[in-house]
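> From first to last, the protein sequence lines stand for chains A and B. Our numbering puts the first residue of the first sequence at 1, with every later residue one more than the last. Our numbering puts the first residue of the second sequence at 1, with every later residue one more than the last.
Where hints are given, some of them may not hold.
As the list claims (entries may be wrong) - Calculated Cβ distances over 10 Å to all of chain A for the following chain B residues:
1. Glu84
2. Leu85
3. Gln260
4. Leu275
5. Val295
What the hints assert, rightly or not - Here are the simulated distance ranges between beta carbons:
6. B:Gly39 <-> A:Trp5: 21 to 27 Å
7. B:Lys12 <-> A:Arg17: 56 to 62 Å
8. A:Arg17 <-> B:Ser109: 26 to 32 Å
9. B:Lys12 <-> A:Ser360: 50 to 56 Å
10. B:Asp166 <-> A:Leu2: 37 to 43 Å
11. A:Gly27 <-> B:Lys211: 43 to 49 Å
12. A:Ile330 <-> B:Asp130: 53 to 59 Å
To be clear, the hints were calculated from the coordinates, so they are not data collected in a lab. Idealized CB from N, CA, C, for every residue including glycine.
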Amino acid sequence: MLVWWTTVYYELIKYSRMRSVLILLIGLPLLLILLLGSAFDTEIKPAKVALYVADHGEMRESIDQLWNDDAIKPYVKVLDAGSEKEVQDWVREGIADFGVHIPVNFSKQLSAGETAAWFTYSGRYGEKNLAAEAVVNGYLGNANMRMAALRTLGPAAFEASDDDRSTTQATESPILTHNLGYGDNQGFGKTSALQYYSAAYLIMFLLYGGMSAAIALLNQRESGTLQRLYAVPSSFKANVFGIIAGAMLLAALQAVIIVAFTTYVYGVDWGGHLGWIALICLFTIAAGAGFAIIVSSFVRSKKTLQSLFTIIVFSMTFVSGGMVTGIDRIIGGVGKFTINYWANESLREIMSNTGLSGVSYHVGILGLIALALTIIAVLRMPKVVKYHA
Amino acid sequence: MSLVAFREVVKKYDTVLTVNHLTFTIGEGEIFGLLGPNGAGKSTTIHMLSGLLDPSGGDILVDGFSIRKQPVEVKKRIGLVPQELAIYETLTARENVTFFAKLYGLKGSLLRERVDEALQFVGLLERAKDKPSTFSGGMKRRLNIACAIMHRPKLIIMDEPTVGIDPQSRNHILESVKALNKMGSTVIYTSHYMEEVESICTRIGILDQGKLIAVGTKDELKRQLGQQEKLIFEIDRHLESAIIEMEEHPSVQQLDVRDQGLTLEVSVKESPSILQDLLFILQKHDIHLRTLTRVEPNLESLFLQMTGRTLRDE
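Next up, chain A with everything else stripped away, as it sits in the complex (with noise of 0.2 Å):
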């Protein structure tokens, strides 16, 4: 036991140690997920609407309901501005992403049965433009009807604005704020493209991790450091199991930091059950490290080893859908032949909350894997570590 932790320790050492392979395994798959995840993300954010009341009539209580209206809020952030001009400064500075400026005589115009108009100011984005607008439209739409009600008038006037601000009037179709919605999540099923691509990556760095363990070996028998390790008198097996614990370790830590860099900066709920997705990344780390000393068995240097098991990886990450969603209707059930699609269904099992019995199904399945794989590589180590086996 001794000599293994001994193994371990220094393993994690010369790991602390190799910036470039920190890198690739922690900080590739945040980038990814980053990435690609906010790429696909269709989720609405609030808008920030700069809004300077300047009218204090009788439709001030109702602008005041309507701002601070909880059903809005999803859609909306107020930001209060101090004057017109300041709208138009926010707006154009990045500030806000909308302005309205609710001119002094707008309840008077209302009711003297005039036609009333807003102020508003479109920002950079055209999706926060549209949240802002709809609920600007809502509220006046619902005013001028209630106006014309009352006056029994016909239609309307439109009244067109200076250069620089468009006017927005009770003419124009009210569009309801219960009209905006999440729009179609693009084949990411009941998960968030951050979800999605988070699982997918995870578990993809987590193959490539577990084939560090392969790599260690190799490394150690292409330096010779191996074949002094034969010539201690302590056991050789706990050495080589030392090395091999060292790479799953480093591995495991950077399932953790993912896990939970993803949670705590990106948002990404991985919907609890930690154990389940501790379960699944052991798995998946094993399979990984079982996989890689197969192959690296059948290969004599550490470059073919790494080409190899990249593009294996790689390969089983995409038709996985890792990459691209729904590549099943394409390429049909072959995913299934993957460590990846068993680890990543587990995954995005538990971020969906669709009950556990699903779960446990897909890390059995990953469960066997890792079993055949490991004793498979069991059988095949010798070949791994002896040059002349």
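With chain A's structure known, arrange chain B on it following the hints.
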């Protein structure tokens, strides 16, 4: 008393016999040079002795313990300096030695003391906190040695420890080998460099095609093979009758004439008066001597004579 005994050791790969019934002993306190061209079975022999390979037949005893039956006891007594730089580039020099020391079961203050001692011995104590990636080739070779001696082994196996290093580091390593030997360790030393083996080894074994074709001290080997001394005369004129007279001398084995008869290369058997006799013949024929060179037989020529190949043959 012998420390190492090879007894009919055989190693086979499929049908190829790499080591062929090797039987010899190495005495305690010796520096034993193992010579052989590539493919002679040198590395396989060392790998079997260090436990990396199992012999297909026979046995190796180290300090009375069998490598087959008591490998742990054998390994405790061995320090292996592999041909490759078997060190970790990302660990410091001290961490490298400490790691291997722990695997030999050293701990606590004894561990620290032995690690310092090994680093001091190879001249790397002041660079103990540096990583090998900042070292020269020679320093890495020295660290390679430090990782094998910290447990004070009875037998140190050095497999080509001076490959690819500068003369200064080579001298340092050769001096270290002598010092380790003086401190009580028996050394098995393999090298392609004949002059190294000649200068430090007390006994030499020559391997070829898996067989030990000769073993003994340098002088014993020369005697065993009747190795000839060579005398090279550069003279002022060529005279056929003088050459015929020289060739007829009973101790002259062979006489080659070069440079239009002005250089005579004479291979001679050991004889106390041969030089005097040949000089007398030249003088008698009024031939003046310009230079005389005496070439003693060396291991390179010995090896060539025995195997028909040089040590660096592929």
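> Look at each hint and say if it fits the structure.
Comparing the hints with the structure gives:
1. Glu84: Per Cβ check, Glu84 of chain B is inside 10 Å of chain A; nearest 3 Å; violated.
2. Leu85: violated, 7 Å
3. Gln260: Non-interface label on Gln260 of chain B holds, nearest chain A Cβ at 54 Å vs cutoff 10 Å.
4. Leu275: holds, 50 Å
5. Val295: holds, 38 Å
6. B:Gly39 <-> A:Trp5: 21 to 27 Å: 41 Å Cβ-Cβ, so the 21 to 27 Å window is violated.
7. B:Lys12 <-> A:Arg17: 56 to 62 Å: violated, 42 Å
8. A:Arg17 <-> B:Ser109: 26 to 32 Å: holds, 27 Å
9. B:Lys12 <-> A:Ser360: 50 to 56 Å: holds, 52 Å
10. B:Asp166 <-> A:Leu2: 37 to 43 Å: The hint (37 to 43 Å, Cβ to Cβ) holds, given that Asp166 of chain B and Leu2 of chain A are roughly 39 Å apart.
11. A:Gly27 <-> B:Lys211: 43 to 49 Å: violated, 57 Å
12. A:Ile330 <-> B:Asp130: 53 to 59 Å: Holds - the Cβ-Cβ distance for Ile330 of chain A and Asp130 of chain B, about 55 Å, lies within 53 to 59 Å.
When each numbered hint is compared with the structure, violations occur for hints 1, 2, 6, 7 and 11.
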